[in-house]
Amino acid sequence: MRASETVRALQDEQAPLIADIAAELAAQVLGDAGLRIRRMAPLETAQAGELSFLANPKLKSKLATCCASAVIVRADAAEDVVAAGGTALIVADPYRAFAQLTRWWAARVRPAAAPGIHPSAVLGQGVRLGTGVSVGPLSVIEEGACLGDGVVIGPQCQVGRDAEIGAGSRLAARVAFGAECRMGQRGVLHSGAVIGADGFGFAPHQGRWEKIEQLGAVWMGDDVEVGANTCIDRGALEDTVLEDGVKLDNLIQIAHNVRIGAHTAMAGCVGVAGSARIGAHCTFGGAAMILGHLEIGDHVHISAASVVMSSILKPGQYSGVFPIDENGNWEKNAATLRQLHQLRSRLRAVEKKLTP
Amino acid sequence: MRASETVRALQDEQAPLIADIAAELAAQVLGDAGLRIRRMAPLETAQAGELSFLANPKLKSKLATCCASAVIVRADAAEDVVAAGGTALIVADPYRAFAQLTRWWAARVRPAAAPGIHPSAVLGQGVRLGTGVSVGPLSVIEEGACLGDGVVIGPQCQVGRDAEIGAGSRLAARVAFGAECRMGQRGVLHSGAVIGADGFGFAPHQGRWEKIEQLGAVWMGDDVEVGANTCIDRGALEDTVLEDGVKLDNLIQIAHNVRIGAHTAMAGCVGVAGSARIGAHCTFGGAAMILGHLEIGDHVHISAASVVMSSILKPGQYSGVFPIDENGNWEKNAATLRQLHQLRSRLRAVEKKLTP
Amino acid sequence: MRASETVRALQDEQAPLIADIAAELAAQVLGDAGLRIRRMAPLETAQAGELSFLANPKLKSKLATCCASAVIVRADAAEDVVAAGGTALIVADPYRAFAQLTRWWAARVRPAAAPGIHPSAVLGQGVRLGTGVSVGPLSVIEEGACLGDGVVIGPQCQVGRDAEIGAGSRLAARVAFGAECRMGQRGVLHSGAVIGADGFGFAPHQGRWEKIEQLGAVWMGDDVEVGANTCIDRGALEDTVLEDGVKLDNLIQIAHNVRIGAHTAMAGCVGVAGSARIGAHCTFGGAAMILGHLEIGDHVHISAASVVMSSILKPGQYSGVFPIDENGNWEKNAATLRQLHQLRSRLRAVEKKLTP
Chain A
1 MRASETVRAL QDEQAPLIAD IAAELAAQVL GDAGLRIRRM APLETAQAGE
51 LSFLANPKLK SKLATCCASA VIVRADAAED VVAAGGTALI VADPYRAFAQ
101 LTRWWAARVR PAAAPGIHPS AVLGQGVRLG TGVSVGPLSV IEEGACLGDG
151 VVIGPQCQVG RDAEIGAGSR LAARVAFGAE CRMGQRGVLH SGAVIGADGF
201 GFAPHQGRWE KIEQLGAVWM GDDVEVGANT CIDRGALEDT VLEDGVKLDN
251 LIQIAHNVRI GAHTAMAGCV GVAGSARIGA HCTFGGAAMI LGHLEIGDHV
301 HISAASVVMS SILKPGQYSG VFPIDENGNW EKNAATLRQL HQLRSRLRAV
351 EKKLTP
Chain B
357 MRASETVRAL QDEQAPLIAD IAAELAAQVL GDAGLRIRRM APLETAQAGE
407 LSFLANPKLK SKLATCCASA VIVRADAAED VVAAGGTALI VADPYRAFAQ
457 LTRWWAARVR PAAAPGIHPS AVLGQGVRLG TGVSVGPLSV IEEGACLGDG
507 VVIGPQCQVG RDAEIGAGSR LAARVAFGAE CRMGQRGVLH SGAVIGADGF
557 GFAPHQGRWE KIEQLGAVWM GDDVEVGANT CIDRGALEDT VLEDGVKLDN
607 LIQIAHNVRI GAHTAMAGCV GVAGSARIGA HCTFGGAAMI LGHLEIGDHV
657 HISAASVVMS SILKPGQYSG VFPIDENGNW EKNAATLRQL HQLRSRLRAV
707 EKKLTP
Chain C
713 MRASETVRAL QDEQAPLIAD IAAELAAQVL GDAGLRIRRM APLETAQAGE
763 LSFLANPKLK SKLATCCASA VIVRADAAED VVAAGGTALI VADPYRAFAQ
813 LTRWWAARVR PAAAPGIHPS AVLGQGVRLG TGVSVGPLSV IEEGACLGDG
863 VVIGPQCQVG RDAEIGAGSR LAARVAFGAE CRMGQRGVLH SGAVIGADGF
913 GFAPHQGRWE KIEQLGAVWM GDDVEVGANT CIDRGALEDT VLEDGVKLDN
963 LIQIAHNVRI GAHTAMAGCV GVAGSARIGA HCTFGGAAMI LGHLEIGDHV
1013 HISAASVVMS SILKPGQYSG VFPIDENGNW EKNAATLRQL HQLRSRLRAV
1063 EKKLTP
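Chains as they are written, first to last, in our numbering: chain A, 1 to 356; chain B, 357 to 712; chain C, 713 to 1068.
Extracted from the complex, chain A is given alone in its bound form (with noise of 0.2 Å):
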C-alpha cells in the first residue's frame, strides 16, 4: 500500500457544479458557475476541480497562488480569487459557510444509516422505539430504553436499562450508555465513548475504601457532541448535567456530578474532577485540569495543559505551563525554582541594604 491523503474524490457526473454550491451556501459568485467540483482541499494543496476557502483575511496573500477552481470568500477577496483563475463564492463567513458545505457533502457522499434492528441486536422487554430509528449489529439495547425518531445506533453499542436518547441522535461504534442516562435530540457519541460509568466514590474507613455507589445518571441536553474514549460519569445522588450544545473532544474525563453549561467546548484530554461547574460558552485547551468543587464562570477561557486549582469567576483567557526549554536549561531553572521563595527573600534583604 503507497501512502496517499487524497480523499475519495466524486466521479463526473456525482460532482456538484459550482452553481450547485452557490445555491447551497446562498453565496454569490463572480467567475465561472458551470465547473464541477470533485473535492474539497485545504487552499495550499487544492487543485483544478477542487473547491477551498479563506476564512482568515490575513491570509488573502495565499489566492494568488492557489490553484483551486472555486474558494470561498468574503466579498472583498473576490476579485483575488478570479485574478488567479478561480471562481470566487462570496458570503458573509466563509468559515461557517465551509462547515456548512462539509455537511451538505458528507450527506451526498456517505450512506445512510437504514433504517431497522440489525437481527444480530440484542433489545430487551420493554424497548421504545421512534420512527426511523436504525439499530446496528450486534448492539445491546437493555430493557425500558427509549429511542426517539431517527436515532442511529451504531455496531456494538449498549444503551443501558431505562436510557433515553432524543431524536436524530447518533451513538457511533461501541458506545456505552449507561442505564437510566439520558441525552437530547441531534447528539453524537463517537466510538468508544463511555457516559454513565461509576463516579468515583469510596469512604475510607480503617484504611480501607469503601463504596459508594452512585446512584445519580447523566443528563445531556440537546446538540451535544462526546468524542471517542471520553467517560462521563454518573452522579452521586444526583446527575452528571451537560447542557445544551456542549462539545467534548476524545479522552475526556468528566467526573460525577459535574455541570458544564451550555455551549462550553473542550479539546482532548481534558479532565474535570467531581462537582465542578462550569459555566456556558467557555472553551478549554487540550489536557487542562479542573480540580473538584469549585466554579468557573461563563466565558472562561483556560488554555491548554493548564490547572485550576481554585474557582475563576472573571471572564478571560487564563494559563499555566511550564515553558518548554533545550533540557539542560530546563534542569537549571528547574532547579532554581525550588528555591524560588528563598531568592525572593534574599532579594528582599539586598533592597534592605541599599535603603537607607
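Simulated from the structure, these hints should not be mistaken for laboratory data.
Don't be surprised by glycine CBs; every beta carbon is placed ideally from N, CA and C.
Take these hints with a grain of salt, some might be off.
Taking lysine to any residue and the SDA-like style, the derived pairs with C-alpha atoms no more than 25 Å apart in a straight line are [unchecked claim]: (1) B:LYS418 with B:GLY387; (2) B:LYS688 with C:SER1023; (3) A:LYS314 with B:ARG633; (4) C:LYS1064 with C:GLN1054; (5) A:LYS314 with C:ALA1047; (6) C:LYS772 with B:LEU650; (7) C:LYS923 with A:ALA113; (8) C:LYS923 with A:GLY279; (9) A:LYS62 with C:SER987; (10) B:LYS708 with A:THR355; (11) B:LYS414 with B:ARG392; (12) C:LYS923 with A:GLY132; (13) B:LYS414 with A:SER310; (14) C:LYS1026 with B:GLY563; (15) C:LYS772 with B:ALA559.
What follows is a set of in silico ranges between Cβ atoms, one per label pair, in the way DEER data are often shown [to be verified]: (16) A:ALA26 with C:SER1022: 34 to 44 Å; (17) B:ASP432 with A:PRO204: 15 to 25 Å; (18) A:GLY207 with B:PRO467: 29 to 39 Å; (19) C:PRO823 with A:LEU10: 38 to 48 Å; (20) A:PRO111 with C:GLU725: 29 to 39 Å; (21) B:LYS418 with C:GLU1043: 40 to 50 Å; (22) B:ALA691 with A:LEU59: 24 to 34 Å; (23) B:GLY563 with A:ALA26: 48 to 58 Å; (24) B:PRO467 with A:PRO204: 21 to 31 Å; (25) A:PRO204 with B:PRO712: 56 to 66 Å; (26) C:SER1022 with A:LEU17: 41 to 51 Å; (27) C:PRO827 with A:LEU10: 54 to 64 Å; (28) A:GLY124 with C:GLN837: 47 to 57 Å.
Given chain A, put chains B and C in place with the hints provided.
Chains B and C alone, transformed into the frame defined by chain A:
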C-alpha cells in the same frame, strides 16, 4: 426532553421507613422514625421525603435551613436536625454510614443480573464457571477462562484465554480482560477498561523499533476497582500487579511491570510509567504522572497534575503545578522563568557587591 | 486466589534447550548448552531453568549473584556469567536479542489465531478477504472493507465501510477502525483503539458551534503499533497520517490532520493537537502535549509531561515540567512564581543602584 436532575424517587410502598434505614445503619434515632424516605439527596437540595447526611462538622450550620426529612449525623449535631424539623440518624461516622446506605439503596432499586449465560454469548472450550455466574449478551469468554461463583459479566465483554476472575467480581459493559490475566474477589471493572494489553516495549535497531513481546500478564488482588477506559498493561516478563483494595478511576494508564500496593487510590487521567513501584495507602490526584523505574513509599500523597520524576520514600503530600494566571501575567512570568537561573546568578553578584 | 507473578513456565518436554535458543539468536555459547529453559526472567529474580539478559554494561556486577541458567550478554561479560555458574549466550546487542527471543517464545507458547470467519461475525456486502484471514467472534466488517492476507481481527472489532487493512496486521479485541481508513502491513492495534473518529471541528456562530464534517480519513503505513484506547481522528479534508514504524502507547490522542514521521514513538497519555506535523525518529515521554498547527523536526525528543507550544526544528532533548516538592515548599514557590516578573524588575532596580 427537559432538563431534570432528580434521581428517580421510590414510590410510596417501596420507600423505606426511617426506622428501616436506622436498623440497617445501626443508628440511633432522634425524632420521627415512621416517615418514608423516597430518595437520598445532598444537604443543600434535599426536600421532604428525602434523606441526607452531614460528614463535615464545619458545615453544621447548614442544618438550620435543611429541608430533608432525615439526616445522618454525629451525636453532637442531632439536636440541630430536630430543630429544623427533621429526624436525626445518629452514627459515629456519617460519611461511612452514607456509603453503606448507598449500597443498601442500590441493591433495592437496581435489578440484579440474572444468572445464566445469554444465548448470544460465545464461550470457548474448557471454560469453567462457578455457581450463579451471569454472562451478558454478546460477550466472549475464551477457552480455558475461569469465572468464580457469582461473577457477573456485562454485555459485549471479552475474557481472554485462561483468564481468571474471582468470586463476586463484576465486569460492566465491553471490558477487555486479556489472556492469562487474573483478578481476585469482589472486584469491579467499568466499561471500556482494557486489562492486559501489551506493554510498550521495543528494542531500537538501526532507526527502527523491534517488538518485545510481553510475556507477563496482569494480576489483581481482591476488592480492586478499575474505572472506565482505564488501561493496565501486561508485564514484559513478570506480571503487572495491583494489590488488594486498589481503586483506579477512569482513563488511567498503568504501564507494564508496575506494582501498586494495597488500598492505594488514583483519580482520573493518572499515568504510571513502566516498572514503577508504588506503595500501599497512597493517593494520587487527577492527571498525576509517575515516571518509570522509580519507587514511591507507603502513605505518599501526590497532588493533582503533579509529575513524580524521582523516587519518594517519605510519607507526605507532594505537589508540583504551575499556578494558573491571567494569560498576560502568565506570559511574562513564564518568559522570566526561562532566565531564572541567570537571575539567581545576578542576585548572587549583587549580594557579593554588598558584602564588604 | 493468592498473588503469584510467575509467568507460566514451560513443562520439561516443551522447554527449549539453550542450544536451540543460541541457534535462534545466532549466539555463541560459553558453558553448558544442554540445559532446558522453562522461562525468561529479569536478572534480579531469574532462577535455575530460567534465562535472562544483560543490556546495560553498567549493571555487569549483578551477574555475580545471578541465578539464571543462561544469560544473553556481550562478549566482555561472558566470563562473569560462567563464573556465577550460568551459561553465556554471546551476541553483539543483548537487548535486541532479548526482543527477538520474546517473539520466538511468544510464537511457541501462544496459540495462533485460527484462520476463518467466526460464525457470529457480521460481514457486509463486498468485503474482500485475503488468504488465511481470521475474523473473531462478534466482529463487524462493513461493506467494501478489505483485509489483506493473514490479517487477524480479534473479537468484537468493527472495521468500517471501505476500510483497508494490510497483510499480516492484527487487531486485538474491540478495536474500532473507521470507514475509509487504511493501514499497512504487519501493524498491531490494541484493544479499545479508535481509528478514524471525527476530528474536533466546529465553526462558531452566534454563540453556538456548527459541525464541520470530517471528510478525510486515517492513513497508517507499515509496522505501525497503536496502544489500547488510543484515538486517531480522521482528517477534516485530508488524511491524518502515521508513517511507517510509528509506535503509539495507550490512551494517546492524535487529532485531525496530524502527520507523524516514520519510526517516531510516543509513550502513554500523549496528546497531539490538530494539524501538528511531527518528524521522523522522534520520541515523546508520557503525557507530553503538542499544541496544534506547529512543526517538530526529525530526531526531536520531548520529555514526559512537557508541553510543546511552538515549533521545534533543532534535534535534541526538550523538557518543561514543574519540579515536584513537599506541598508546603511548592505552595511558597508557586506563589512567588506569580510575582517572578516583578522580582526581575526589582533585581534590575537593585543592579542599577549598584552601578555607578
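- Which of the listed hints are not met by the structure? 3, 11, 20, 21, 27 and 28
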